[in-house]
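**Student:** Sequence:
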Amino acid sequence: MRIASLAEVKAKLSAYLQEIETTGPVVITRNGKAVAILLAPIDDDDLERLLLSRSPRFRSVLSESRASLCAGKGITHASFWKASATRNPGASEVRERPARARAAQQGVPAAVGRRKPKGNPMR
1 MRIASLAEVK
11 AKLSAYLQEI
21 ETTGPVVITR
31 NGKAVAILLA
41 PIDDDDLERL
51 LLSRSPRFRS
61 VLSESRASLC
71 AGKGITHASF
81 WKASATRNPG
91 ASEVRERPAR
101 ARAAQQGVPA
111 AVGRRKPKGN
121 PMR
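The opening position of the sequence shown corresponds to residue 1 in this note's numbering, with each subsequent residue numbered one higher.
Source of the hints: derived by calculation from the structure; they are not laboratory data.
Treat the hints with care, as some may be off.
Simulated DEER-style distance windows between Cβ atoms [as the list claims (entries may be wrong)]:
#1 Phe-80 / Ser-14: 43 to 53 Å
#2 Arg-66 / Ile-3: 28 to 38 Å
#3 Leu-50 / Thr-76: 27 to 37 Å
#4 Ile-3 / Ser-84: 13 to 23 Å
#5 Ala-36 / Phe-58: 15 to 25 Å
#6 Ala-7 / Ala-85: 35 to 45 Å
Don't be surprised by glycine CBs; every beta carbon is placed ideally from N, CA and C.
Input sequences plus hints: build the corresponding full structure.
**Tutor:** See the structure below:
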């Protein structure tokens, strides 16, 4: 792991982007204090996990869910899938296939909704 100042990273961003793919994350500092981390996601799933782990809204929902489970208001994993299968026949089959395979079978591009298009959308 490397530590670099914000000014240095701004001046050599392209070089740092190449570096993080091979050597790992770079901690970016401002006035000697860490303010950011520059890292390359492994794949789309890794990117999604990273973004969700830092999302205040997702963390709030997760916290509420955990509190509800601790209060005994949850259902077991088996009960969930049994109820789901009753309402949606074939659900257990669907959940076992990877998301990309399901998307391909349904004719939906796997990346829909996952990335913003590149370039200016106003053109």
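**Student:** Are the hints correct? Go through all of them and say.
**Tutor:** Evaluation of the provided hints:
For Phe-80 and Ser-14, the Cβ-Cβ distance of about 47 Å falls inside the hinted range of 43 to 53 Å, so the restraint holds. At roughly 34 Å, the beta carbons of Arg-66 and Ile-3 sit within the given window of 28 to 38 Å. One distance hint, 27 to 37 Å for the beta-carbon pair Leu-50 and Thr-76, holds here, with the actual separation near 30 Å. One distance hint, 13 to 23 Å for the beta-carbon pair Ile-3 and Ser-84, is violated here, with the actual separation near 48 Å.
At roughly 20 Å, the beta carbons of Ala-36 and Phe-58 sit within the given window of 15 to 25 Å. Distance hint for Ala-7 and Ala-85: a CB-CB separation of about 57 Å, inconsistent with the stated range 35 to 45 Å.
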